[in-house]
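Protein chains in written order, with my numbering: chain Z, 195 to 493; chain A, 195 to 493; chain H, 195 to 493.
Take the hints with a grain of salt, since some may be wrong.
Treat identical chains as interchangeable: a pair holds within one or across any two.
Derived lysine-lysine pairs resembling BS3-like cross-links, with alpha carbons at most 30 Å apart [unchecked claim]: (1) K228 / K429; (2) K382 / K228; (3) K414 / K382; (4) K488 / K228; (5) K268 / K228; (6) K382 / K439; (7) K475 / K228; (8) K374 / K228; (9) K439 / K429; (10) K228 / K300; (11) K491 / K429; (12) K268 / K415.
In case anyone wonders, no lab produced these hints; they're calculated from the structure.
Predicted model only: the values in this text are computed from it and were never measured.
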Amino acid sequence: MKKFFVLFIAILLLCTSQGRPQAALVFQTDFGLKDGAVACMKGVAFGVNPNLKMFDVTHEIPAYNIWEAAYQLKQTAPYWPPATVFVSVVDPGVGTERNSVVLKTKTGQYFVTPDNGTLTFIAEDLGVDELRQIDEKVNRLAGSEKSYTFHGRDVYAYTGARLASGVISFQQVGPRLEPKVVSISYEKARFEPGAVWGNIPILDAQYGNIWTNIDEMIFKKLGVEYGTIVSVQIKNEKRVIYTGKMPFARAFGDVSVGQPLLYINSLLNVSFAINQDSFAKIHQISSGPSWQVKIEKIK
Amino acid sequence: MKKFFVLFIAILLLCTSQGRPQAALVFQTDFGLKDGAVACMKGVAFGVNPNLKMFDVTHEIPAYNIWEAAYQLKQTAPYWPPATVFVSVVDPGVGTERNSVVLKTKTGQYFVTPDNGTLTFIAEDLGVDELRQIDEKVNRLAGSEKSYTFHGRDVYAYTGARLASGVISFQQVGPRLEPKVVSISYEKARFEPGAVWGNIPILDAQYGNIWTNIDEMIFKKLGVEYGTIVSVQIKNEKRVIYTGKMPFARAFGDVSVGQPLLYINSLLNVSFAINQDSFAKIHQISSGPSWQVKIEKIK
Amino acid sequence: MKKFFVLFIAILLLCTSQGRPQAALVFQTDFGLKDGAVACMKGVAFGVNPNLKMFDVTHEIPAYNIWEAAYQLKQTAPYWPPATVFVSVVDPGVGTERNSVVLKTKTGQYFVTPDNGTLTFIAEDLGVDELRQIDEKVNRLAGSEKSYTFHGRDVYAYTGARLASGVISFQQVGPRLEPKVVSISYEKARFEPGAVWGNIPILDAQYGNIWTNIDEMIFKKLGVEYGTIVSVQIKNEKRVIYTGKMPFARAFGDVSVGQPLLYINSLLNVSFAINQDSFAKIHQISSGPSWQVKIEKIK
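The task is simple: from the sequences and hints, build the whole structure.
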């Protein structure tokens, strides 16, 4: 009778392990989808565990644009559950001294990436629980040392897949590092009496609107309401690119065609637009860490 | 002994439930793949059920083009099994009074979408079994009311994922509506003695050929055969854009280079082309509900 | 007691079969992702087996470009495990006499495709274990004969899905053919005293560098070292497009801006570049089977 119970338990465990919800493996790169590079990464991950659930943020990060890689992770990660493993490969420094790391956030998600600024917003928003360097002696596709090494495939996808499927624990990734990632410096949103400062993380490219990182709450500390005229200054690398006045408007139609306005966008951040035209094109505004915004209320 | 049988049955059910074929969740949007918007939707769905099988029709529907969203669903849905849940988000009216609905077709598939015309062809081709309004008090990602609402993510992906994985039944989507979707009006393919009428649902963009919704059977009611000369009129919003004569040809080579022809395309519909040139470009023809075609046999 | 054991075994098999690692089904086409064509293929495969694991190499092979289809398979397949089933549909000859085949490589992978040159590199690199013609009387989506046939969907995706999920064995694909695929002829990399010959399989499009199929080992038979000046001739269809001299350089910076160099690329093959400019654009070089490269060491 006892033998039966043992068997029962074994079967139960077997069944249960098969049904165990697995961590998702979510990829992001600047490789594009015109060739097989992403498919090579997924093939390696499938080789680690054919039951892995794989997804993509985007593979169309502009080439070498670490800032956008960081920003897309920030926008996407909060909608994935704890234990999700993100593999982000935008790696202009491949072959140089940058660290290959796995970050565990305070929310329990993992980010496998070169530590080159990609983790800037994730570390800020989700917090650094622990940072580990990938030990490539262990966590590297067997045979990949013999030929050309494609780190995205041989190290990042391979390590991410092993972590997501429980082949290795987080501890087995490699040695623990100081819990501090390489961060891109940029103008944080902040209020000082009389003005708010911020950055342009990304453009609303389809319409040419300017999105800032200044949220509605901070902006409202200026004591503004709909109709208030504000003065806006936009700099790039400390050079003034734009200065002008515009109303805080509820909707585009509140100003005449061709006139500028400040509005709150769909992410609840301050944005600038021109009614029926492109603010970005007309004033040659782009996005990234070097862009700085200052808004003052006109008395 | 009886205890054992109970245990057996329990284990069997457990095993079987894990192997239960699950409904696919198939996404379509006009978001593009350059940012993380689609990945946010999939993250929410994965949070509902990590074993969900997710696929995509396309995310490159031209921005706000409900007509093309409707057309791509028509072309794709018949190749997916019953119980498949489609989530289509092309939503120029987000924030306005359009209904968020789930349509169950007579073929047993589900379509989760704003009811803004996206269901035009699905309702026509597959039939409306039942239409329900999404009750956002229940079927909305927890916490998403507090901040900016992205309906594709917080309502449509969430509801689709719950429906596909059996967390909610179709009845639990929300209240039943009149079984009538918002339909885009367009010229249906029809024969009247002496002429056939129809619409241009989409262009064969790569070659500039004009595809109509007039199938071979309807066209042949004109009493045509290969070589018959027909007169073709194409209108947009009632304005005549093109009139001309061309033969009903078996192949492009049946006419000289630069000459027009009428042929039957790969979907078995009437199409217009110019041998080795672009009919669409030369005659400025586009596609959509406002385009009307009339073909007459020349006596 | 015996009854119990029988039951145990049955349950065990059931559980195990659910957990059985399944072959991946990996798609490649020139259909693009703007419409539902790829989704139709996946819908058919899902109908065969909802538990199939589906992936993509790329769907952006340039239209009808069999050479690039062949090349992307070559680059990707080695990173997928044995038993993986690839479905590649770049099929300019649809409707003509080309065979629909499944190739089993000596490495145990399967390739489902029109036999039109797509298998050129796979056959060379991985070896032909067995080649079978798809018997469309058996291996074709039911009902698809009645209307327009889309081979990628009705034959290739359907057969690939049945093979990957074990619905049919490789033998049941159809009759065995001579183990010889249609191959695109091109200049193989080879050394003869005084010169090496090769082909341009693909460009490094982003930078305009020229990639050859001549690997470092073959090139070094010329007795070159960094700094050695070589003479390079590039022909297309036997017409000389470029002749010039350049050094074998370690890095781009070893030559002045605007000067040409020969270097070893990330795949460990000989490549040509111009420092801070596009070799391909300036000298009008493209890629494909008709391109031939000859390199000589200057005494």
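Which numbered hints fail: The structure conflicts with no hint, since it agrees with every one listed earlier.
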